[in-house]
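In terms of this note's numbering, the sequence shown is residues 1 to 802.
If you are wondering where the hints come from, they were derived from the structure by calculation, not from laboratory data. Every residue gets a Cβ at the ideal spot worked out from N, C-alpha and C, and that includes glycine.
Here are the in silico distance ranges between beta carbons for each label pair:
1) Met552 <-> Ser783: 47 to 57 Å
2) Leu279 <-> Leu226: 28 to 38 Å
3) Gln464 <-> Gly584: 33 to 43 Å
4) Pro24 <-> Ala537: 19 to 29 Å
5) Ala16 <-> Trp175: 30 to 40 Å
6) Pro646 <-> Ala47: 29 to 39 Å
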Amino acid sequence: MKERVRNLWPLALFLAVALIVLAPIFSGKSLVPADTLKSMPFSKFGAEQFFQHGRIAQWIPYVFGGMPCYGSVMVTPSYLVSVLFTWLLGLFIPFCKDPLAQHLFHLVLMGWGSVLYLRLTGVERRVGVVIGANLILMTTLAGLMGAGHTIKLWTVCWMPLGLYWLERLIREKSWRNLAPAALVLGMMMTAKHVQMTWYFLILAGLYALVRVIQNSTDNKERALSLLRAALWVALGFGLAAFLYLPVLEYSGISMRAGDQLAVAGGQYAAAYSYPPGDLLSWLVPGARGFGGSNYWGALEYTAFPLYMGVLWLPLFVLTAMDSRRRRWIWAGLPAMIVLFFIGIGEHNPLFQVFVDYLPLFGKFRAHMWAIAPLQLMLVLIAGQGLQSLVSAYAEGAASKRRIQLLLGTGVLLLALAGIALQTAPSPDQPLAPGDSYVAPMDQQRAVYYMRQQGIQPNQQQLSQLMGILRAPRAEMYHKDLARTLALLGVMMLLAGALASGRIKPAHLLAALLLLLIVDLLPMDLRTMNWEKARDPAAWFQPTGAMRELAKMPDKQEFRVWPKDGYSHNEAAWYGLHSISGYHGAKLAVMQELLATADQQSGGLLHPHLLDLLNVRYVLSRSQLPGFEMLGSYSDGVLLANKDALPRLSFPTQIEVLPAEQHLARITSGTFDPHQQVLLEQDPGLGSSGGEAIGRIESYEPERIRYRIVNSSPTLALLSEIWVPKGWTATLDGKRVPLLRADHCLRAVPVEATGEHELELVYRPMGWIWGIRLSLLSLLLVASLYWGPVLLSRRSTSLHRDS
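Construct the entire structure; sequences and hints are all you get.
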């Protein structure tokens, strides 16, 4: 019983710490940031498909004209934790349906995983609890909750437990460990954030290489340890293959495809690079402001500093001082260096090397998030230093030398912080050229906002505005620097009290835990924008023009273009087929099409493109030329496009052109989308002098049936988004070619005359093979875990019988 209590009290403490971070839930508040709202329509669609229709969605028709769900990474409730909380516990406890409940679970999981990992590396449980609490309280992770980066947070929270099982695979010869280790990695992968998983695999791979070398001198044993680590990755990937193989299949046709200029040239990977100057915010949270208009660094859209507290640095230094523990620095150092260079992106002198040779690097954009697993590793290594500090108390005067070294290091840090505080430009100083509190981005923002209000600013006005910004920023920096100075000072006093015997290790750890809360909790609360809790559907109450569209009975037969506003994929929530929306990896053909919008005329798409895409209605802030006004509402005007093509049409003139020339031809003045069609190859239909008519018989996201009647060979133009793989067409039960038409649409040649049934079905091979591989991997994992037990029982039974 006592052992159970000893194992459970850290979980209770972690839950209490996590609840302190999320305390506003007790006053009826919740977190509903923009990125959460953008994903909610997809989750709603996936849940409806799964629970009401019994299928796992692979194609979502409600955003960008239609796009693959690539293995349901976007929409399907395939992450077991989410299924448990939302669809099982949520039936009895309404709070479990809120993502905050899952945040609590994952934060506790991260703390528990850190205790297990540190225990395995020789750190006491009570020390591991303080480090786990530090991870839970990290502003970096609290900021992820506040910004709505939900699956990013959940993936990071699995990492300590992943390191624990990796360490066991390296140390222990048991192949049975592969089963739970693979399950943990599989759970991390099914949390669905591919990019954060990629960072972890880089961290785990480099960590494993160093630890294998450190752990053994026998080359055979080293090879077996590396083999176990490799099989761990293979089995973990296999368990999540039903999600990841479709991702790989989709990768080649998305806007992040390797042959896209932005990806191949590195512009995409450079989009959000962590500025090296922001490293100061690791110790002084307000060193570059605190996000939004208060941020004066070089990274756009920064909402909060990546801050992990001030205690990690002296403890990390103490790890380096202890010859018995510094091997953990060497174990993590190669991975931390690589993650740092990935995180600083375009500021990295090896950036182009990474673009050219590091697999997948060019396909991810927000590489600043490589800093999160780097910080996690830093804090875990700092745990070794804290253990060294605690152990010195019991090991006598010789070991207390380490405390003295820590105090010396602390004094040096305090001196440096004090010098920085004294020499930092004062809030009262006037603005001067090159002022450290004003960034070039500030002036660009000011020019933009003033022009939006019809003001053409001059340099004097801009200088006045920068001067207004400067004072509160300087005050913030001075205040946070003084705060850091005070926290480090308190820690040095605690270490000195331990060295002199005035306090015991238990008192030190309790005081450090309190110090962590005092340090990090105010920062965490500043990163999260709490709202009054309400039903998620309340955020999507249809208003004005959107309400009119949402109640139309034939929503499956037309598309809309929310030209202005509606940034949270509202059209998808209402079941409307939209040609726009928000998604970070839309199809390349749609990215190219939307990029043709004429910014000089208010971001208008060419009328021919709107016609081809079956855009019958446009939502706009104002009247647009060429459209009929249907009504004016509080959220804008509803416009009708009378020339929009139906979902099924029969053009009479076929023109053969390479696909890369289609857009230019469509937007030319001589193209008629109602009569002409562009194909990459001649379908061999000859001239068509007869008539053809058709209609949609049934429309489901992955299965569409049409009825066609024609008096001569014809070409059926389908206003459905074209992808090279996955969709197949059958005419009267026989397979027929599905052609790329008009840049982004599909066409089917109909050679025979008469009445026909045309059916389109979406079955991507990545999904089919992914399901098979996941089932096979699950069988292998079960065999690894239960196989030895069954064999042992059989052997025992045979022995008794004999």
